[in-house]
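S.K.: Read off the chains here:
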Amino acid sequence: MESLYLLIPLSVVLVLAIGGLLAWAALSGQFEGLEEEGRRILDEEPPPGRGAPRTEPGLRE
Amino acid sequence: MSAAPAIRKAKQPGAVPDAGLATACAHCGDSLAGLKVVTRAIGGRRREFCCLGCAFIAEQLQLARASDGDRVALEASLAQGPARREAPAGARAQVEIRGMVCAACAMLIEHRLRRADGVASAHVDFTAQRAFVGFDPQRTDVARIKRVIETAGYQTDAGAQGERRRGRIELLRVLTAWLLMMQVMMLAVPAYVARPGDIPADIEQLLRLAQLVLTVPAVLFSAAPILRAAASQVRAGPIGMDLPIVLGLGAAFAASAWATVTSHGAVYFDSITMFVALVLGVRWLQARALRAARGHLDEAQRRARMTARRLRGFPASLATETIGAEQLVVDDHVLVPVGESVPADGVIVQGTSSVSQAWLTGEATPIEKHDGAPVLAGSVNLEQPLVVRVTRAGEATSLAALRRLVDDAGRERPRIVELANRIAVAFLWIVLAVTAATVIGWWWVDPAQALPSAVAVLVATCPCALSLAAPAALAATQSALAERGVLTARSAALEALARIDVLACDKTGTLTTSAPALTRVIPLRGYRSAEALAQAAALEAVAAHPFARALAQAAASARLILPTAQEVTITPSAGIEATVAGQRLRIGKIEYALALAGQDAQHAWFRRWPSLSAQLPQDDSVIALADGQGARALFAFGEVLRPDAAALVEAARAAGAEVVLVSGDRAGSVDRIARSLGIERAYAQQTPASKRELVAQLQGAGRRVAMLGDGFNDAPVLAQADVSIALAEGAALAQARADFIVLGSRVGDVAALIRAARRGVRIVRENFAWALLYNLGAIPLAAFGYLSPALAAVGMAASSALVVANALRARR
Chain A
1 MESLYLLIPL
11 SVVLVLAIGG
21 LLAWAALSGQ
31 FEGLEEEGRR
41 ILDEEPPPGR
51 GAPRTEPGLR
61 E
Chain B
1 MSAAPAIRKA
11 KQPGAVPDAG
21 LATACAHCGD
31 SLAGLKVVTR
41 AIGGRRREFC
51 CLGCAFIAEQ
61 LQLARASDGD
71 RVALEASLAQ
81 GPARREAPAG
91 ARAQVEIRGM
101 VCAACAMLIE
111 HRLRRADGVA
121 SAHVDFTAQR
131 AFVGFDPQRT
141 DVARIKRVIE
151 TAGYQTDAGA
161 QGERRRGRIE
171 LLRVLTAWLL
181 MMQVMMLAVP
191 AYVARPGDIP
201 ADIEQLLRLA
211 QLVLTVPAVL
221 FSAAPILRAA
231 ASQVRAGPIG
241 MDLPIVLGLG
251 AAFAASAWAT
261 VTSHGAVYFD
271 SITMFVALVL
281 GVRWLQARAL
291 RAARGHLDEA
301 QRRARMTARR
311 LRGFPASLAT
321 ETIGAEQLVV
331 DDHVLVPVGE
341 SVPADGVIVQ
351 GTSSVSQAWL
361 TGEATPIEKH
371 DGAPVLAGSV
381 NLEQPLVVRV
391 TRAGEATSLA
401 ALRRLVDDAG
411 RERPRIVELA
421 NRIAVAFLWI
431 VLAVTAATVI
441 GWWWVDPAQA
451 LPSAVAVLVA
461 TCPCALSLAA
471 PAALAATQSA
481 LAERGVLTAR
491 SAALEALARI
501 DVLACDKTGT
511 LTTSAPALTR
521 VIPLRGYRSA
531 EALAQAAALE
541 AVAAHPFARA
551 LAQAAASARL
561 ILPTAQEVTI
571 TPSAGIEATV
581 AGQRLRIGKI
591 EYALALAGQD
601 AQHAWFRRWP
611 SLSAQLPQDD
621 SVIALADGQG
631 ARALFAFGEV
641 LRPDAAALVE
651 AARAAGAEVV
661 LVSGDRAGSV
671 DRIARSLGIE
681 RAYAQQTPAS
691 KRELVAQLQG
701 AGRRVAMLGD
711 GFNDAPVLAQ
721 ADVSIALAEG
731 AALAQARADF
741 IVLGSRVGDV
751 AALIRAARRG
761 VRIVRENFAW
771 ALLYNLGAIP
781 LAAFGYLSPA
791 LAAVGMAASS
801 ALVVANALRA
811 RR
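Protein chains in written order, with this note's numbering: chain A, 1 to 61; chain B, 1 to 812.
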């Protein structure tokens with residue numbers, strides 16, 4: 001039974017730590033655009049500003 | 001209209017708007033119906049205005065008159081903007097503004113900006129909903145400019161950033177509430193399952209202390225919005241449900257904390273955290289319902305927002321420059337490569353391609369677009385590069401307009417939600433009176449019982465379930481609708497829709513398809529109809545006439561292989577002649593087609609006409625296919641019912657509403673459609689004004705009318721009806737003003753909407769009944785000491801959970 005004196009306060013501290021972790025995650029926007037990362041792999045073109053410059057077929061300068 | 005809170009603040013104390021007196025804005029003459037009215041004393045008389053902007057202009061005019069000033073000069077000074085748009089030196093900025101109601105608002109903001117320190121020039125474009133500001137970076141910055149706009153009572157995108165941060169904090173509140181609830185539950189379980197004496201007193205005390213530590217953040221952080229709402233209700237009124245909730249929560253928390261500190265009495269930390277978690281969960285669900293409605297629009301807007309390829313010297317050169325889409329202005333030319341989205345609403349000036357308007361219709365079916373065809377921002381170009389001339393950019397696009405509409409959805413609270421708030425005051429007094437009576441009563445009988453019984457009453461009467469009853473069910477209904485592509489622009493309309501007894505429908509474009517379809521083929525002289533159809537479609541393949549499209553569609557759905565047409569000649573407004581399989585054929589008006597065979601109106605063939613036309617549907621247009629010997633076939637085109645029109649009529653009947661057809665079309669075709677759908681009352685040849693009158697008449701007879709139209713041509717009648725539903729497509733979307741907007745024009749979704757509204761409102765009623773029954777039943781039990789505070793707390797949590805679970809049924 002004596003171990004509870006350590007375990008219960010420890011669990012409270014743990015919960016508060018997890019709460020702090022959640023706070024960081026939520027406030028830094030980790031929960032936003034959850035589906036976007038999964039979909040990004042299907043995008044044919046790299047996001048603008050990265051990768052090779054694109055050519056525009058069908059129109060000549 | 002999202003400037004409503006600011007407008008309320010700006011009202012002068014005691015200047016209560018009297019909606020019964022004025023119906024139109026004293027400055028611009030717009031209708032005041034449904035707006036928060038701004039009242040100002042002008043020339044010694046109280047006047048009502050539609051917005052801050054109009055009130056401001058009227059005040060300025062009044063001042064000018066009083067000081068013998070020139071009205072025209074003042075208006076000119078207020079309006080001078082474009083001329084000073086270019087800052088002579090220094091920086092320039094564009095600021096997005098939300099909440100402007102009319103052009104007067106734009107003037108007000110301009111005026112404030114020009115007076116601000118360091119601002120060299122300011123122009124506010126009302127249609128684009130943005131301000132163009134030139135300023136001296138040494139003396140001011142963009143953040144300060146935004147603050148000037150915000151203090152004038154409007155929102156800027158700085159507000160939008162703050163909104164995002166607020167959204168994240170709200171999410172954090174929910175997450176912490178649920179985390180803490182689980183942990184407190186875990187620590188509370190031993191006390192429920194243990195027999196007396198099983199747990200040593202010191203361990204029990206430790207468990208309670210741990211619960212207390214974990215409940216404090218749940219109450220102070222997670223439940224902070226409830227506490228704040230209750231505090232502001234005490235300060236400024238009106239009293240809502242939050243106050244009795246905070247009383248119950250506060251009593252439970254105070255009693256539990258006291259019991260923990262003194263090691264004497266019961267604790268209810270588990271009920272407190274559970275309630276907080278449930279309330280925040282429901283609010284989260286409400287916010288999600290709104291987000292679901294916005295989700296695919298957001299995606300499209302994000303894509304349209306990113307970049308645009310402007311063609312600077314079009315058509316002389318095709319050099320492009322990549323700029324932010326928000327920098328585009330009307331009449332810019334942009335290049336839209338394959339796979340990218342159109343950055344603004346516009347018209348195609350070069351290229352033919354197909355585009356997907358999935359953001360609008362929810363269907364990815366490509367739509368073919370030629371030169372001169374309009375394209376909407378957010379559409380994805382699929383086949384060939386296009387050059388588009390911009391007609392509406394930035395905040396003026398259909399996409400942005402729809403987004404704003406959805407954003408404003410929550411501005412009016414349903415009556416049924418208001419009901420909970422109206423009874424809150426009475427509720428509060430009952431709670432306080434019963435609590436006081438309980439304390440006094442027990443004081444005489446048994447002072448030791450006084451405190452626990454008072455706490456039990458406060459906890460038992462906590463109207464938690466009552467406050468969740470309506471919002472939870474309505475939010476679940478809205479999110480289910482949004483998933484189908486039905487946007488709720490006014491949540492209050494759900495309740496009204498559940499109570500309608502007349503559904504007035506427009507015909508063309510609503511119950512029927514807007515383009516004509518092939519309704520009948522009559523083959524002549526032994527030709528088979530499939531063969532004739534294939535030849536007709538081949539001849540018409542080059543034409544863009546609606547009949548040509550109908551023929552192509554019919555041929556494609558019959559999987560016909562078209563022969564090739566050669567040496568095609570087109571005679572405008574008559575028909576087409578071409579060689580098919582070595583034979584000269586004509587298709588078009590009957591006289592034109594038969595002229596190929598030398599048969600004119602006197603020919604014997606026309607004597608058969610009455611018997612032939614009897615086989616054709618009335619009111620349909622007929623064209624003929626002919627060769628050198630005479631007619632091969634007749635084709636009739638007419639309106640066809642949308643596939644799910646019958647289902648809609650049936651759903652409306654099942655909901656107890658009579659279906660009435662109101663159309664601008666001729667009596668014959670209106671009657672035919674009405675008969676085929678079993679509609680008894682049909683009104684033909686109606687103008688927009690007479691449609692409105694008709695609805696007003698029905699309302700005068702005590703009927704509650706819902707109007708279903710295309711949201712564009714039907715705007716007046718939609719405004720008159722109790723509930724308006726618009727089937728919106730394409731460019732009409734930007735102008736659509738309705739309570740519900742059915743994207744993609746699927747009539748079947750209207751039937752689903754009616755059913756969902758009725759089910760949602762029924763669930764709200766069930767929830768109310770249960771919550772009231774529980775609260776009223778528990779009061780006497782708690783007062784007389786039969787209900788311990790712990791049991792009351794369990795009951796409170798259980799009834800809240802039941803109400804939420806019942807509400808979730810509306811999602812199905």
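Among the clues, some could well be false.
[Unchecked claim] Derived, one-sided and incomplete: chain B residues facing chain A with beta-carbon distance under 8 Å:
1. LEU171
2. LEU172
3. GLN183
4. GLY197
5. PRO200
6. ILE203
7. LEU207
8. VAL216
9. LEU808
10. ARG809
[Stated by the list, open to error] A partial selection of chain B residues facing chain A, derived with a Cβ cut-off under 8 Å:
11. VAL37
12. VAL142
13. ALA210
[Claimed, not checked] Estimated spans, in silico, between C-beta atoms of each pair:
14. A:ALA23 <-> B:ALA515: 28 to 34 Å
15. B:ALA515 <-> A:GLU37: 37 to 43 Å
16. B:ARG681 <-> A:GLU37: 22 to 28 Å
17. A:GLY29 <-> B:ASP136: 58 to 64 Å
18. B:TYR786 <-> A:GLY29: 48 to 54 Å
19. B:ILE42 <-> A:GLU37: 55 to 61 Å
20. B:ALA801 <-> A:ILE18: 57 to 63 Å
21. A:ILE18 <-> B:GLN138: 44 to 50 Å
22. B:SER232 <-> A:SER3: 45 to 51 Å
None of these hints come from the bench; they were simulated from the model. Built from N, CA and C at the ideal position, the CB exists for glycine as well.
S.K.: Look at each hint and say if it fits the structure.
M.R.: Do the hints match the structure? See the list:
Nearest Cβ of chain A to the Cβ of LEU171 (chain B): about 5 Å, under the 8 Å cut. The hint holds. The criterion of a C-beta within 8 Å of any C-beta in chain A is met by LEU172 (chain B), whose closest approach is roughly 4 Å, and the hint holds. At about 5 Å, the closest approach between the beta carbon of GLN183 (chain B) and any beta carbon in chain A falls short of 8 Å, and the interface hint on this residue holds. Using the Cβ-Cβ criterion of 8 Å, the hint placing GLY197 (chain B) at the interface with chain A is not satisfied: the shortest such distance is roughly 14 Å.
At a threshold of 8 Å, the smallest CB-CB gap from PRO200 (chain B) to chain A is about 7 Å, leaving the interface hint in force. Among the interface hints, the one on ILE203 (chain B) holds; its C-beta lies about 6 Å from the nearest C-beta in chain A, closer than the 8 Å criterion. The interface hint given for LEU207 (chain B) holds, since its Cβ lies 7 Å from the closest Cβ of chain A, which is under the 8 Å cut-off. Given hint, VAL216 (chain B) at the interface with chain A, is violated; its Cβ is 11 Å from that chain's nearest Cβ, farther than 8 Å.
Using the Cβ-Cβ criterion of 8 Å, the hint placing LEU808 (chain B) at the interface with chain A is not satisfied: the shortest such distance is roughly 21 Å. Interface hint status for ARG809 (chain B): violated, as the beta-carbon distance to the closest one in chain A is roughly 26 Å, over 8 Å. For VAL37 (chain B), the interface hint is violated, the least distance from its beta-carbon to any beta-carbon of chain A being 38 Å, above 8 Å. The restraint placing VAL142 (chain B) at the interface with chain A is violated, with a minimum CB-CB distance near 22 Å, outside the 8 Å limit.
Against a cut-off of 8 Å between C-beta atoms, the interface hint on ALA210 (chain B) holds, since the closest Cβ of chain A lies about 5 Å away. Checking the proposed 28 to 34 Å range against ALA23 (chain A) and ALA515 (chain B) shows it is violated: the Cβ atoms sit about 56 Å from each other. Taking the beta carbon of each, ALA515 (chain B) and GLU37 (chain A) are about 42 Å apart, inside 37 to 43 Å as hinted. The hinted range of 22 to 28 Å is not satisfied by ARG681 (chain B) and GLU37 (chain A), whose Cβ atoms lie roughly 55 Å apart.
The given range of 58 to 64 Å is broken by GLY29 (chain A) and ASP136 (chain B), whose C-beta atoms sit roughly 34 Å from each other. Taking 48 to 54 Å as the suggested C-beta distance range, the pair TYR786 (chain B) and GLY29 (chain A) conforms, at roughly 51 Å. For the pair ILE42 (chain B) and GLU37 (chain A), the supplied restraint of 55 to 61 Å holds, since their beta-carbon distance comes to about 57 Å. The supplied range of 57 to 63 Å is broken by ALA801 (chain B) and ILE18 (chain A), whose beta-carbon atoms lie about 24 Å from each other.
For the pair ILE18 (chain A) and GLN138 (chain B), the beta carbons lie near 48 Å from each other, so the given range of 44 to 50 Å is met. SER232 (chain B) and SER3 (chain A) have their C-beta atoms about 47 Å apart, which keeps the hinted 45 to 51 Å range intact.
When each numbered hint is compared with the structure, violations occur for hints 4, 8, 9, 10, 11, 12, 14, 16, 17, 20.
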